[in-house]
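Participant: Going down the list, the protein sequences come from chains B and X. Residue numbering for the first sequence follows numbering that gives the first Met the number 0, beginning at 0 and increasing consecutively. Residue numbering for the second sequence follows numbering that gives the first Met the number 0, beginning at 0 and increasing consecutively.
Hints listed in this document are in silico derivations from the structure and should not be mistaken for laboratory results. Errors might be hidden in some of the hints.
The following label-pair restraints were derived from C-beta to C-beta distances [stated by the list, open to error]:
| id | chain 1 | residue 1 | chain 2 | residue 2 | range |
| --- | --- | --- | --- | --- | --- |
| 1 | X | E102 | B | L338 | 33 to 41 Å |
| 2 | X | P22 | B | K28 | 51 to 59 Å |
| 3 | X | E94 | B | T272 | 53 to 61 Å |
| 4 | X | E94 | B | D308 | 25 to 33 Å |
| 5 | B | L274 | X | V45 | 37 to 45 Å |
| 6 | B | K250 | X | G44 | 51 to 59 Å |
Not close to chain X: a few residues of chain B, all C-beta gaps over 10 Å, as computed [claimed, not checked]:
| id | residue |
| --- | --- |
| 7 | E8 |
| 8 | K23 |
| 9 | N107 |
| 10 | F136 |
| 11 | T150 |
| 12 | K223 |
| 13 | F246 |
| 14 | G280 |
| 15 | E286 |
Derived DSS-like pairs (lysine-lysine); straight-line CA-CA distance at most 30 Å [what the hints assert, rightly or not]:
| id | chain 1 | residue 1 | chain 2 | residue 2 |
| --- | --- | --- | --- | --- |
| 16 | X | K31 | X | K48 |
| 17 | B | K265 | X | K98 |
| 18 | B | K173 | X | K75 |
| 19 | X | K48 | B | K310 |
Note that CB positions come from ideal geometry on N, CA and C, so glycine has one too.
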Amino acid sequence: MKKNDQDKEFQKNRAEKEERRKRKRKEKKKQLKKIAIGKKQKRKAMRKLPQIWSPEKLTLQFGYSEEVLSFINQLKKLGETEKELSIRLDNVTDIGEGAIGMLLSVINELTLKDVALVGEKPHNNYARNALERSGFFKYMKGYVAPENLKTKNIIIRTGNINTSQRELSPEMPKAMETVWGVPGRCPILFGGIGEMLRNACDHAFDNGDKITWHLGVSHLEKEKAVKFSFVDNGVGIIKKYYEDKLFKQVKDIFKTNAKVLENAYKNGIESQTGLPWRGKGLPTIYELYKDNIITNLVVITNNVYLDFDEKTFEEINVPFSGTYYFWKVDQTCEPNYFL
Amino acid sequence: MIVIDIPRDFTRTPGWRTYDDGPYSGQEFFDKLLKDGFANAKKEGVKLKVILDGSDGYTTSFLNEAFRLLGKEFGKDFVWDNLIIVSNEVPKYIERIKKGVYELEKK
Numbered sequence: 000m001k002k003n004d005q006d007k008e009f010q011k012n013r014a015e016k017e018e019r020r021k022r023k024r025k026e027k028k029k030q031l032k033k034i035a036i037g038k039k040q041k042r043k044a045m046r047k048l049p050q051i052w053s054p055e056k057l058t059l060q061f062g063y064s065e066e067v068l069s070f071i072n073q074l075k076k077l078g079e080t081e082k083e084l085s086i087r088l089d090n091v092t093d094i095g096e097g098a099i100g101m102l103l104s105v106i107n108e109l110t111l112k113d114v115a116l117v118g119e120k121p122h123n124n125y126a127r128n129a130l131e132r133s134g135f136f137k138y139m140k141g142y143v144a145p146e147n148l149k150t151k152n153i154i155i156r157t158g159n160i161n162t163s164q165r166e167l168s169p170e171m172p173k174a175m176e177t178v179w180g181v182p183g184r185c186p187i188l189f190g191g192i193g194e195m196l197r198n199a200c201d202h203a204f205d206n207g208d209k210i211t212w213h214l215g216v217s218h219l220e221k222e223k224a225v226k227f228s229f230v231d232n233g234v235g236i237i238k239k240y241y242e243d244k245l246f247k248q249v250k251d252i253f254k255t256n257a258k259v260l261e262n263a264y265k266n267g268i269e270s271q272t273g274l275p276w277r278g279k280g281l282p283t284i285y286e287l288y289k290d291n292i293i294t295n296l297v298v299i300t301n302n303v304y305l306d307f308d309e310k311t312f313e314e315i316n317v318p319f320s321g322t323y324y325f326w327k328v329d330q331t332c333e334p335n336y337f338l
Numbered sequence: 000m001i002v003i004d005i006p007r008d009f010t011r012t013p014g015w016r017t018y019d020d021g022p023y024s025g026q027e028f029f030d031k032l033l034k035d036g037f038a039n040a041k042k043e044g045v046k047l048k049v050i051l052d053g054s055d056g057y058t059t060s061f062l063n064e065a066f067r068l069l070g071k072e073f074g075k076d077f078v079w080d081n082l083i084i085v086s087n088e089v090p091k092y093i094e095r096i097k098k099g100v101y102e103l104e105k106k
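Next comes chain B alone, as it looks inside the complex (with noise of 0.2 Å):
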């Protein structure tokens, strides 16, 4: 009698397991069938929108620039009549920190404006995962494979005038330990990044409230090197030269903007021409580069591209409205540090 009224508790108990079960799988069923309608669906809304295609090399490298520059300006150009955007990613093999930084900070300038925006990302593994780790995603909803989440990497977005340096205070002895091994301080350094943010609110924008820039810190861990992009999205260091009446002069004497501006980083717009011009901290950005504390010196602005390792200077066809900088720590600087 017992054992026969333990059987039927068995029975009972393995009939609610198994409906447990049977339950769990429809769920789950359900689960995947909505993540696929829904995924069907965001591929049916992206498509409906209007989408704007990412060149494959999205890097602002010599070469690529133009490319990269242009689909950044159809971008900002779509924002300002369309109020819903598709930003298609999926072809990018290719992706630089710089550009990176560059596409954030229009993507910033579009949500300010109220424009909705969804995307694709990469399909392209090297791409997508150099996205994931580069902070995009702190600004940007997404999935980050959890691998990419373990990253020094970061985009620092600063708000207004106010906004101290302070916030990249903790980024520099994180640099220092990629590089040296030493979690120091490079006042050097932040001083120079200081200049560029004062730059920005300085002579990137004539309205003093809509001050917004990225600082972009990506660690290469195996290489020892740490790159940093600097970008704003304000009207651009030749374009506030031309609000100087001594531009006309400058610009007599250097014949091109790539010339004036190259002459304006070394420091020489005075000496060679004797004319008073100020120096707007350029010159203490470009000592960081001649000191060997930084390397590789990029500079894109308006139509100005200059490369101070490669000894580019030139003018390109597609224009920048802001200012973008790029350069590197590595093991061929000199350390310069302090604990």
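Starting from the known structure of chain B, arrange chain X on it as the hints suggest.
Facilitator: Just chain X, lined up with the frame of chain B:
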């Protein structure tokens, strides 16, 4: 000798030029510490020692504004003759301060 140690007495993270530029500007440093420090040193007949080392880093505009105002207030040569700047970490800052005192770098 009177000593102002900027990272200890003011901030480790100095800002930019004026109050309008945000916190810990060169103007704020001049108003809160530098002006009185120099005035006291002058009264006591001693030099003013300003220690820059130990900070996160200085912008040209911070240094220029603080010491430009000092030169304007107390006289350029007198200020330069009675200042001791300690900047072992970034010796270049001394030249930038001199430019500020003598107003060689315009605002």
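Participant: Is the Cα-Cα distance between X:K48 and B:K310 30 Å or less?
Facilitator: 42 Å, violated
Participant: Evaluate the given range 25 to 33 Å for the C-beta pair formed by X:E94 and B:D308.
Facilitator: 26 Å, holds
Participant: Measuring from beta carbon to beta carbon, are X:E102 and B:L338 in 33 to 41 Å?
Facilitator: Distance hint for X:E102, B:L338 holds at roughly 35 Å.
Participant: Does the claim that B:N107 lies outside the interface with chain X hold up, using a Cβ gap greater than 10 Å?
Facilitator: Holds: least Cβ distance 20 Å, greater than 10 Å.
Participant: Verify this label for me: B:E8 is non-interface relative to chain X, using a Cβ-Cβ cutoff of 10 Å.
Facilitator: 71 Å, holds
Participant: Hinted pair, alpha-carbon criterion (30 Å max): X:K31, X:K48. Please report holds or violated.
Facilitator: Distance ~16 Å between X:K31 and X:K48 Cα, so the pair holds.
Participant: Under the criterion that the straight-line Cα-Cα distance not exceed 30 Å, is the pair B:K173, X:K75 satisfied?
Facilitator: Judged against 30 Å, a Cα distance of about 40 Å means the pair is violated.
Participant: Run the distance test for B:K265 versus X:K98: straight-line Cα separation, threshold 30 Å.
Facilitator: At roughly 18 Å apart (the allowed maximum being 30 Å), X:K98 and B:K265 satisfy the hint.
Participant: Does B:F246 sit more than 10 Å from chain X, CB to CB?
Facilitator: 16 Å, holds
Participant: Far enough from chain X: is every CB of that chain over 10 Å from the CB of B:G280?
Facilitator: B:G280 is in fact no farther than 10 Å from some Cβ atom of chain X, at 6 Å.
Participant: Can the suggested window of 53 to 61 Å be confirmed for the beta-carbon pair X:E94 and B:T272?
Facilitator: 23 Å Cβ-Cβ, so the 53 to 61 Å window is violated.
Participant: Would you say B:F136 is clear of chain X, with no C-beta pair closer than or equal to 10 Å?
Facilitator: Check passes; 28 Å lies beyond 10 Å.
Hints 3, 14, 15, 18, 19, counting from the list given before, are not met by this structure.
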